[in-house]
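Asks: Chain by chain, the residues run as shown.
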Amino acid sequence: MAEINIRDKTAIVGIGSTNFGAMYRDLDKERTSYELAADALKAAIDDSGIDKNDIDGLLCVRTPSYARMADVVGLHHLRLVNQLEGSGRMAGVALQYAVMAIVTGQAETVAIVYGNNGRSVGDRYGGVFSPDSPAAWDAMYGMTSPGAAVAHMWRRYMYLYGASEDSLAAAAINNRANGAKNPNAVFQKPITKEEYMQARYIAEPLRLFDYCIINDGGVATIVTTAEKAKTLKQPPVYIGASYSATDLTNYYTTHDFFFGAMQDIAGRLYKTADVTPSEIDFAQLYDNFTPTQFFALEGYGFCERGTAHKWAQDGRIALDGDLPVNTSGGHTAESYMQGHALTIEAVRQLRGQAGERQVKNAKVGFYTCPAPICNAHILHN
Amino acid sequence: MATDVSAYTKPLPPITKLNAPFWEGTKKGELRLQTCNECGHQWYPPSTHCPNCLSRDYAWKAVSGRGKVWSWVVFHQRYFKAFEDELPYNVTLVELDEGVMMMSTLRGIDDKDVHCDLQVKVEFEDATDEQSVPYFVPA
Numbered sequence: 001m002a003e004i005n006i007r008d009k010t011a012i013v014g015i016g017s018t019n020f021g022a023m024y025r026d027l028d029k030e031r032t033s034y035e036l037a038a039d040a041l042k043a044a045i046d047d048s049g050i051d052k053n054d055i056d057g058l059l060c061v062r063t064p065s066y067a068r069m070a071d072v073v074g075l076h077h078l079r080l081v082n083q084l085e086g087s088g089r090m091a092g093v094a095l096q097y098a099v100m101a102i103v104t105g106q107a108e109t110v111a112i113v114y115g116n117n118g119r120s121v122g123d124r125y126g127g128v129f130s131p132d133s134p135a136a137w138d139a140m141y142g143m144t145s146p147g148a149a150v151a152h153m154w155r156r157y158m159y160l161y162g163a164s165e166d167s168l169a170a171a172a173i174n175n176r177a178n179g180a181k182n183p184n185a186v187f188q189k190p191i192t193k194e195e196y197m198q199a200r201y202i203a204e205p206l207r208l209f210d211y212c213i214i215n216d217g218g219v220a221t222i223v224t225t226a227e228k229a230k231t232l233k234q235p236p237v238y239i240g241a242s243y244s245a246t247d248l249t250n251y252y253t254t255h256d257f258f259f260g261a262m263q264d265i266a267g268r269l270y271k272t273a274d275v276t277p278s279e280i281d282f283a284q285l286y287d288n289f290t291p292t293q294f295f296a297l298e299g300y301g302f303c304e305r306g307t308a309h310k311w312a313q314d315g316r317i318a319l320d321g322d323l324p325v326n327t328s329g330g331h332t333a334e335s336y337m338q339g340h341a342l343t344i345e346a347v348r349q350l351r352g353q354a355g356e357r358q359v360k361n362a363k364v365g366f367y368t369c370p371a372p373i374c375n376a377h378i379l380h381n
Numbered sequence: 382m383a384t385d386v387s388a389y390t391k392p393l394p395p396i397t398k399l400n401a402p403f404w405e406g407t408k409k410g411e412l413r414l415q416t417c418n419e420c421g422h423q424w425y426p427p428s429t430h431c432p433n434c435l436s437r438d439y440a441w442k443a444v445s446g447r448g449k450v451w452s453w454v455v456f457h458q459r460y461f462k463a464f465e466d467e468l469p470y471n472v473t474l475v476e477l478d479e480g481v482m483m484m485s486t487l488r489g490i491d492d493k494d495v496h497c498d499l500q501v502k503v504e505f506e507d508a509t510d511e512q513s514v515p516y517f518v519p520a
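Protein chains in written order, with the working numbering: chain A, 1 to 381; chain B, 382 to 520.
Source of the hints: derived by calculation from the structure; they are not laboratory data.
Idealized CB from N, CA, C, for every residue including glycine.
One or more of the hints may lead you astray.
Here are the computed lysine-lysine pairs in the DSSO-like style, where the Cα-Cα straight-line distance is at most 30 angstroms [said to hold, decoys possible]:
id, chain 1, residue 1, chain 2, residue 2
1, A, Lys193, B, Lys493
2, A, Lys310, B, Lys449
3, A, Lys233, A, Lys52
4, A, Lys363, A, Lys233
5, B, Lys398, B, Lys409
6, A, Lys228, A, Lys42
7, B, Lys442, B, Lys408
8, A, Lys42, A, Lys363
9, B, Lys409, B, Lys442
10, A, Lys310, B, Lys493
11, A, Lys9, A, Lys228
12, B, Lys462, A, Lys29
Beyond 12 angstroms from chain A on every Cβ pair, some chain B residues (computed) [stated by the list, open to error]:
id, residue
13, Glu405
14, Lys408
15, Ala440
16, Ala443
17, Arg447
18, Val450
Now the in silico label distances, taken between C-beta atoms and shown as ranges [claimed, not checked]:
id, chain 1, residue 1, chain 2, residue 2, range
19, A, Met197, B, Lys398, 28 to 38 angstroms
20, A, Leu27, B, Cys434, 50 to 60 angstroms
21, A, Arg268, B, Ala440, 37 to 47 angstroms
22, B, Glu419, A, Asp166, 42 to 52 angstroms
Start from the sequences and build out the full structure, keeping to the hints where you can.
Replies: This is the structure in structure tokens:
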């Protein structure tokens, strides 16, 4: 396969978001995904110091229309534009596409904008299906929601690897501990193992604190060439590598908990970026539901297959542990911004701008979303 | 299991030209899968093409109805009003002996006694005059 080397050719130069905690407490049915994405883009432009008119690529995620989005933010003359569905896997896909576009010269500066008014408008991730879709064959049994699919995988994982139900508490507790150090987070109060175990089941074996927080919010990321990045306000965060691999079937559930797809990515990711897992200083692991943290730790070789439920215990994934995970609180404490907020947290960490939750000497960061489209990035300063 | 068919309130996939043979099978106590006449591949839920060789030439064949529990969950959260009275209820992902994955539910066993890889077999619940719903019981 002819391959263009993507290593360090692009960099993230601007990040912006809304305040997730404030918005969680302030519902507004008139709030649109477009205005949230526009707020975030304005913040990202200010952050980067870039001229808005230098943006020649716009990838819109979850906003229903790219034309409306482009008009709202006054980007009328673009060389690359599209919209991606409002699923969490698209955060990583969008960054992958931005890298592809910039490295091949299709665009020089790409803004990825994400707007989500889901909490205000009562979006649900279960119970809604089209009668003529395959989901109707699940709904016939009361099956719905990606959370229940992840619960199926977690139950099978426990059976195969002898994991205990309470081993998952480590992920939920760590997210909340990190959220407590994030003034932008929805939940800023730590939880104990007792509180985790006493919380109600949603789709057993998963409990309330294993579930992400549906919220309103916007996130924007500006990506450009490494050359241009050096001329801008912020220290560049280089994209060492970014890849996707899929395991697409009728079900969200996969037999191997996405392991094969993640291994496919890992081989290419580490080779291109010339990084090993032991050199990674922190990991942002997409956790719509907490078991995906364990799946990711194994899929990318941070620990042996079948051992993450033990490996992640005793503070190993804490801010001062061997591999700090979800430093801003992840999707169960900061906000469910479908991967976008995890990406910009990686940038903050690599710039040294993460405040009380800063990982010391953070040089290499990792992001992944384990889902039917898996994707991962290596970012570094 | 005979029920008052007029009382069936849970969601059912609408009968279509594509899936009608599946439902006819359920009324005869048969679990039928589309089986490719070109390559022998089987799949579920119903779809127009063999996903292996892309042929449209398939037959509906009754399969063993046997498989194993790949995994199961117990719903405690209400997502569907029609399932409210059954909370907490079991949703089981069955791996049929033919290798096909099928979402279903497990009956005839207490949830605490279920385990992955439990051998199961299909049975049918009358839902309407035209549709019976396959479910599984320990084999």
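Asks: Which of the listed hints are broken here?
Replies: Numbers 18, 19 - these are the hints that the structure violates, sorted from lowest upward.
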